[in-house]
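Number of protein chains: 2
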Amino acid sequence: MFQEVSKHKTGGRAGILKTRAASVKTPFFMPVATRGAVKSLEPAEVAATGAEVLLANTYHLHLAPGENTIKKLGGLHAFTGWNGPILTDSGGFQVFSLSNIRKITEEGVVFKDPASGREVLLTPEKSMQIQLALGADIIMAFDDVTGLDPGKAKVREAEAVERTHRWLLRSIAEFKKLTAKNPKSKRPLLFGIAQGGLDKKLRAKSVEFVQSTEVDGLGIGGLSVGEGTKQMHDMLKFLAPLYDPAKTRYLMGVGEPTNMRFAIQHGIDMFDCVLPTRNARHGSLWISGDKKLNLKNGQFAADKSPIDKTCDCYTCQQGYSRAFLRHLFKMTDPLAGKLASIHNLRYLQRICEQYR
Amino acid sequence: MFQEVSKHKTGGRAGILKTRAASVKTPFFMPVATRGAVKSLEPAEVAATGAEVLLANTYHLHLAPGENTIKKLGGLHAFTGWNGPILTDSGGFQVFSLSNIRKITEEGVVFKDPASGREVLLTPEKSMQIQLALGADIIMAFDDVTGLDPGKAKVREAEAVERTHRWLLRSIAEFKKLTAKNPKSKRPLLFGIAQGGLDKKLRAKSVEFVQSTEVDGLGIGGLSVGEGTKQMHDMLKFLAPLYDPAKTRYLMGVGEPTNMRFAIQHGIDMFDCVLPTRNARHGSLWISGDKKLNLKNGQFAADKSPIDKTCDCYTCQQGYSRAFLRHLFKMTDPLAGKLASIHNLRYLQRICEQYR
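Quick note, the sequences are listed as chains P and B, same order.
Here the first sequence stands for residues 26 to 381, numbered as in this note's numbering.
Here the second sequence stands for residues 26 to 381, numbered as in this note's numbering.
Be aware that a few hints might be false.
Identical chains share a label here; the pair holds if one copy fits it or two copies do between them.
[Unchecked claim] In silico DSS-like cross-links for lysine-lysine, where the CA-CA straight-line distance does not exceed 30 Å:
(1) K317 / K255
(2) K321 / K355
(3) K255 / K202
(4) K317 / K206
Hints were generated in silico from the structure; no laboratory data involved.
Isolated chain P (complex conformation) (with noise of 0.2 Å):
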């Protein structure tokens, strides 16, 4: 389902994704509509920022609405208004980073609903049925996140890496199973997660697993986890001549531009990141030179020129001044974290629409 278009001098590449949704080009970044919507934005307000694939969190709709309300309601495309493909992660992450949890045994995750309390198990088998029930165009399978317990360290590691193999091969088996019906066309497509930490030989064998899957793509995972910016690169960096080129890989969690350009430049075709939209519902805005600006801050309190005269964006663009910005900032309105929003994210687009 991936077809490779152009290298670059650089290392990366340039494609096409086809999912059942429609087809993107590659490098691309998704928006992470947590909830199915990207914080403060309407779908076509993020279209207009040049993404074409939406990340939504299985964790969350699982816990509310719940992907059956969200199927009775014709999926997540007709529940939000999206209508490109959409990626749901495994929640796998979520649940460890997230909730407390009870107890994780081969079967799978037990943890509690934050709200409700309740105890909720989450296994390979329950992702996949949760994943296509919320109608997903990329599946992502389940894995076992360990980058967050730095303490637990080595043994659990090399554990985490097994099980994380173990369970990709429950969510390969359940996925046919439950997309057998499906005409080819109509398949969402699978991902399997490569994790290993920082260490480079656990590394190498899972990417080397996932990839040896009929998988679709590769995640790495378990990256951007608050390991160093030269860790991150230095890991890039060997696993780039090891990846399989019919498969589409996907770098978790990432979407800083200087670590963007260079996984792109490793051969990375996708990327999530909550940092954006956070970052600018904070006032943390990106300008030219990967340049960090904080619109909060006094001195542009008479500041007339846009947040960036060289962006393209929808809010540089309509004239929203930095003064204005930083006021309605002040003031707590929530149009300045949408506006802001959309600057972020175009910036992240537009690195990656050098590459394409």
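With chain P's structure known, arrange chain B on it following the hints.
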């Protein structure tokens, strides 16, 4: 500056109000852009609801970012991106309702800025200076509001009316002084405000006094401040025969559909109210027949229909379902408040359009 176009058999009228920014049809409803922006909405989104005139709050803008900053930035229109007429209130209402009043004298009102703690003096002259610096197209005279403090009752009410009249004369004098050099076509309009609470004698006296001055319009203040619907309607009925056809009549702070219909049928041309947008942000929406629904209710969790099938607002036309909007409300996504605000604002504009 007001031209009557037609009279309704109900007693109301349709007309055209000429301001320096644009000529607009009456009756109309002004969305409240407290700090220069209607919360969570872009100017173009506000305009798309049919709104032609915005109300901004002198009190809030004086405190932040300050009229000098706004003037430096080219005035409210350039600052906010709203090109249509802008009405600014006098600041009187907010001073009385929001702040710690330190002292009311014949000179004006000393209040404490809740943010900085500093003491600020607002006088009729100061109010004119601020509103003209902001660049408003319709300016309100500074008034003494008592409606909020029924405990002080009769004597204070009569005093307040007298003071409001004296402050009106000072407002007019200051306004004339400051706009003396403006060519007539570039001069903002000035409206006076009639007070008098629920005392018909005082009200009649106040309306007559305001209309006897050179003001372009008559604001009716101190209603919709907690009195019953019947009392408000009684007063509007009582005042209807007293209006001067040449002056625009502005019922301040009223924006409930039933009250608006009643008021239009009794000669009112203009309205403003925070109700449609504030209610919307809490999920409370008007649907045909002036009924209300609260989108946060569980009954809408799987409801595919739009807020109101008969509604022509952007939100309903775009196909956003009650289920999705409810989900956004539950997730506290500001997009919910925005889409709901659009619906409620359009609801009130449609009422006005029916009478034009």
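Against the structure, the hints come out as follows:
1. In this homomeric assembly, K317 and K255 come within 30 Å of each other (Cα to Cα) only inside a single copy, at 20 Å, whereas the closest approach across copies is 57 Å.
2. In this assembly of identical chains, the alpha carbons of K321 and K355 lie at most 30 Å apart whether taken from the same copy (7 Å) or from different copies (28 Å).
3. In this homomeric assembly, K255 and K202 never come within 30 Å of each other (Cα to Cα): the closest approach is 42 Å inside a single copy and 67 Å across copies.
4. Proximity of K317 to K206 under the C-alpha cut-off of 30 Å is found in neither arrangement, the shortest distances being 50 Å within a copy and 45 Å between copies.
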